[in-house]
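For the protein sequence lines, the chains are A and B, in the order given. Each residue of the first sequence is one higher than the last, beginning at 1 in our numbering. Each residue of the second sequence is one higher than the last, beginning at 1001 in our numbering.
Read the hints as simulated data drawn from the structure, not as lab findings. All the given hints hold, so there is nothing to weed out.
Among chain B residues calculated to face chain A with C-beta under 10 Å, some are:
hint	residue
1	Ile1168
2	Asp1169
3	Glu1175
4	Ala1176
5	Ala1177
6	Ser1179
7	Leu1180
8	Gly1181
9	Ala1182
10	Trp1184
11	Val1187
12	Arg1190
13	Val1191
14	Arg1197
The following label-pair restraints were derived from C-beta to C-beta distances:
hint	chain 1	residue 1	chain 2	residue 2	range
15	A	Phe312	B	Ala1014	50 to 60 Å
16	A	Leu323	B	Arg1105	54 to 64 Å
17	B	Arg1105	A	Asp343	57 to 67 Å
18	B	Ile1116	A	Ala217	54 to 64 Å
19	B	Ser1166	A	Pro89	22 to 32 Å
20	A	Pro55	B	Val1027	55 to 65 Å
21	A	Gly314	B	Ser1166	36 to 46 Å
22	B	Val1027	A	Arg35	51 to 61 Å
23	B	Arg1100	A	Phe267	54 to 64 Å
24	A	Glu294	B	Ser1166	41 to 51 Å
Residues from chain B that keep clear of chain A, each with C-beta distances beyond 12 Å, as calculated:
hint	residue
25	Arg1041
26	Trp1053
27	Ile1080
28	Pro1115
29	Ile1116
30	Leu1127
Glycine is no exception: its CB is placed at the ideal position from the N, C-alpha and C atoms.
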Amino acid sequence: MSLATRSASPTDTKTRGSGATVEFRSVVKEFPGHRALDGVDLTLKPGEFVALLGPSGCGKTTALRVLAGLEDATSGRITIDGSDVSGLPANKRDIGMVFQSYSLFPHLTVLSNVEFGLRMRKVEKDERRTRALAALEMVGLGAHAGRYAHQLSGGQQQRVALARALVTEPRVLLLDEPLSALDARVRVQLRDEIRRIQIDLGITTLFVTHDQEEALAVADRVAVMRAGTIEQIGAPEELYTRAKTSFVAEFVGLSNRLDGVIDTPGFVAVEGVTLPLIDEAAPHGAVSAYVRPEDVAFSSEGISAEVVSSSFLGSFRRTTVRLASGALVRVQHGSTTPVAVGDRVFLSFTGAPVAVKAVDAS
Amino acid sequence: MSGQSKAFRPEPGALTRWLILGIVGLVFLVPIVAMGEFTLRRGLEGGYDFSRWIAVFSGGLTGEYKGVLTALGNSVVLAIVTVAVMLVILVPTMILVQLRFPYLRRAMEFLCLLPITIPAIVLVVGLAPVYSVIAKMFGSGVWTLSFAYGIIVLPYAYRAIQANLSAIDVVTLSEAARSLGAGWLTVLVRVLLPNLRRGILSASFISVAVVLGEYTIAALLNRVNLQTALVIVSKSDPFVAVIFALLALVFAFFLLLAIGRVGAPRRSRREPAASITAPAAVTPTGASS
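Model the full structure from these sequences, guided by the hints.
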């Protein structure tokens, strides 16, 4: 669906699947003394919203920049709808991009900023203006067309940047931590807006973030990156509940790492309690088991522990307790459950570990 | 929505502003008024009149002092060529260093600031043999002095442009423009130069001022510019020399004013901001999504 069409009928519902297919094939990017991407393989389906999630320096922004053409890959191939774009310069790739820092051209009005990409494509003035205004309407800033960037708030600037990136109807939309400079409330608001627009337009989108909540909230699939490689890719629920590695278990959401032993295939013994394993192929012997705080509950009997601290977090409370073994365990429970530091409590497990790792594994 | 991104900057009150303007104005005005007063003196008999000004304007400029006009023309040509040399070589180089070779920034800064540490007289010693080659290649026209002037304005021009470059996110702006389909030339002309306007203007101002006031290199390389002409005039008539100095000041003022007007942003002409409204019904563009 084009932006102009969309603006003409704002009540249109979701139209998916008109985006492009993007493929990374063994993409390597080396900087002097540092390999930022180490053979990345990733496929984005048409109209899909994929988030690249990972800690600083894991290579997620580099992957985005290589796709955008702002960095050249050392080796490997990147294709869009089957055609290799690895050798194309950034201005020939037909990719829209929103940057982390506000990237509006300060000397141009909001309207001229949005028109810029259309001007580069030699779109006629009347059509240019119509499409730019439609894009601004889409992000709710039609009334700000005559303003300059310095007259807008950070959130408004990022909306304009989004309109500018989308107005040319690019094959792929790249979002490089576009929300990280915004305050919390605006971040959530704009995040939801980006997702709504992305669904409306059905544009294939790659979203880089280090904020797991952001990634889990908006993406169809999340790719967790570590040291230049994709550690795991999957739907947010899958990543959260079936982490393939300890890194993913620890990076995505909170986890309690507990010592355990696997003697029987499909089961792990933790603190004297036998828990089922999601991954039955887990290694035998001593392991670390990763249990979510919401999979641990207070009970009238079970594992004895002492309350170390407790934080009120609105709709729930997170309490840290120390087990007899000395291990610290976080428990997520209702905010009305009374706990005080020093209380003796009993714990039980209500869910399976999301991941296990052999203790001698790196 | 977050708060306005524009940072809060405390501004001085109207009285403070006028006070600062008044003091700075006085610093400039006192010597100029003194020069004017000097040119109006009637000599030993005392009193004031405009006889020397009348003499200059009633034939002196086309006869006795014609050389000063020629020298002024030379200086204007030198200023224009020097600014052009500076803009054509320095600005793209600095942008290139900022964008692609940031590790060369220190070296570039050192190189550009170097001329300020070398006295003009020393520069001339080095430049003299170079100019014998230049004379063979380009002739001995006075405009060739611009090559030397391009070097002596480097520290000032570099500082002015670098301050502007540091204030804008050149890399992100370039990348944003590139991702929108702009080639490098378009990035330079449509995105970077408009945002470097202030720095380029400042660099041009200071280059013009330096060139109009330069004496040593021109004198030692036997070229005629405004300053060398004024020195010659002052040897025969110091009153007239001061008149020309005053006229040169007025000329420089209007020249800088003209450069400022030409380079000033013309936002009011660019966008009819108040008239921009969203279309009531937007027609499909026909472009595929």
